[in-house]
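The lines below spell out each chain.
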Amino acid sequence: MFKGTAAVFRRELAAYFATPLALVFIVIFLFAMGAFTFYLGGFYDSGQANLAIFFSFHPYLYLFLIPAIAMRLWAEERRSGTIELLLTLPIPLSAAVAGKFLAAWAFAGIALALTFPMWLTVNFLGDPDNGVILASYAGSWLMAGGYLAIGSAVSAATSNQVIAFVVTVVISFLFTIAGAPLVIDALAAFLPLELLGTISSFSFLTHFNAIMAGVIDLRDIVFFGTLIAFFLFVTAVLVDLRKAG
Amino acid sequence: MAMIEIDALAKSFGPVAAVRGVSLSVEKGEVLGFLGPNGAGKSTTMKMATGFLSPSSGSARICGFDVQSDPLPARARLGYLPEGAPAYGDMTPRGFLAFCAAARGMSGAAARDAIASAVARTQLGRVLEQPIETLSKGFKRRVGLAQAILHDPPVLIMDEPTDGLDPNQKHAVRALIAEMAPHKAIIVSTHILEEVAAICTRAVIIDRGRIVADGRIADGTIAFATTGPDGAPGQVAADARDLDGVFRALTQPQAAA
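Same order as they appear, the protein sequences are chains P and L. 40 is the number that our numbering gives to position 40 of the first sequence; each next residue is one higher, with no gaps. Every position in the second sequence, counted from 1, becomes a number in our numbering once 1000 is added.
FYI, nobody ran anything at the bench for these hints, they're computed from the structure. Every residue gets a Cβ at the ideal spot worked out from N, C-alpha and C, and that includes glycine. Treat the hints with caution; some may be incorrect.
[As the list claims (entries may be wrong)] Distance windows between CB atoms, simulated:
no. : chain 1 : residue 1 : chain 2 : residue 2 : range
1   : L       : Ala1110   : P       : Phe124    : 15 to 25 Å
2   : P       : Val237    : L       : Ala1110   : 52 to 62 Å
3   : P       : Phe116    : L       : Gly1064   : 19 to 29 Å
4   : L       : Gly1108   : P       : Thr206    : 41 to 51 Å
5   : P       : Phe2      : L       : Leu1128   : 44 to 54 Å
6   : L       : Ala1017   : P       : Ala180    : 48 to 58 Å
7   : L       : Ala1017   : P       : Leu30     : 51 to 61 Å
8   : P       : Gly34     : L       : Arg1112   : 13 to 23 Å
9   : L       : Gly1064   : P       : Ile110    : 40 to 50 Å
10  : L       : Ala1017   : P       : Asp185    : 29 to 39 Å
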């Protein structure tokens, strides 16, 4: 199991860097992060030495950028036929699912880590609470894992990468804004209060905002952990179902 | 014990029955040529034999391990060249074979030796460091072959291993199969009927999802046991170098009549 996961992980991670994908993605990711933080977010005008503005844009950036990483995970294997090789190697399906996901997650982590000049800037300008920043980075990476797991499951259901991208964006959008007033107010008209609470508890924003406040609550970690595990399980089920033809 | 046992495999895609009850067993030392028109169910049968596709009914075993219920030991003993020889285009042959070796649990010197041997046998030396997507069709096919024989498996299933190769390369692949034949059980599908006489010890013709003829090759002739559309058994003998007539008669009964 472990050897299989490690082999798939190394191959997948290398594949990101073997093509221009990694470079294009990282450049766009960093550029968008900077543009959003400084122009849209008014980082300098805010006069605050923290990265709250920077992190507040992460869910929306991930919404479009993470599906771009995730769409290829299974759809590309299916389209090129390499899935036939992968699934006849003597490794369990769970190892292949985990290896692919972990490689994509590590790649997202590399892109995220390359935003470190933001952290340097804010430390140069003032005296931020670096504990909060570290917690926010960890929370942001966890959240990226959540989006990736959703994308993995969608990618397993189709051999068309464009469909995988669009459907992942839509599902991710629902998970992102589940707790936003826009949704909750609209649903409040006809849904009971307990159900509203349940729906908003599935919101990435709710959990990410809690982590961004500097409090790493076990519940938020469990939320993202469970979500990732659930969607990876769905990925394995979908890949297995397609074997039936 | 037969090394490949295929037992009443059947596969339907929705209302379309692609394979309707194929049974075969292949022993060590046999090279079975799997023939049939396009769409007859060759690739589907092979995909089920490897465990990639789950059958609607029936079962397949590799060295005694059921490919569906006990897949890992079955896959460890199997080398498979899928239809079209797919490979990760962004990798080099060296990287690709290293990945296959790692996934098969080989490491260090064992992996290096296995890769070197597979590369030498498929004559890939010259293109080892070029991305696979930039290689010619013949080289791509040989990368697929190298992957299939990398772990020296006792069972080889190859879907059109010589497709897209030039005559010299075809000859080299046939020689490679002949060299491996005594120690392995091999199934090869092909459209090239002359190939049967060149490398196979047995030929099976499949049409519309059923086996219509199965015969061993001895002294250049094949004694086929045939099964008619109504299930009636029959016998046909053919020259192994000239299977065209038999192939057409068995797979296009209306045209021949």
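Evaluated hints:
1. Checked against the hint of 15 to 25 Å, the pair L:Ala1110 and P:Phe124 fails, with Cβ atoms roughly 52 Å apart.
2. At roughly 35 Å, the beta carbons of P:Val237 and L:Ala1110 sit outside the given window of 52 to 62 Å.
3. P:Phe116 and L:Gly1064 have their C-beta atoms about 55 Å apart, which leaves the hinted 19 to 29 Å range violated.
4. The hint said 41 to 51 Å for the Cβ distance between L:Gly1108 and P:Thr206, and at roughly 49 Å that hint holds.
5. In this structure the supplied range 44 to 54 Å is violated for P:Phe2 paired with L:Leu1128, their Cβ-Cβ distance being about 28 Å.
6. In this structure the supplied range 48 to 58 Å holds for L:Ala1017 paired with P:Ala180, their Cβ-Cβ distance being about 51 Å.
7. Between L:Ala1017 and P:Leu30 the beta carbons are some 54 Å apart, a value that agrees with the proposed interval 51 to 61 Å.
8. Distance hint check: the CB atoms of P:Gly34 and L:Arg1112 are about 45 Å apart, inconsistent with the given range 13 to 23 Å.
9. Hint check: L:Gly1064 to P:Ile110, Cβ distance near 45 Å, so the stated range 40 to 50 Å holds.
10. Taking the beta carbon of each, L:Ala1017 and P:Asp185 are about 54 Å apart, not inside 29 to 39 Å as hinted.
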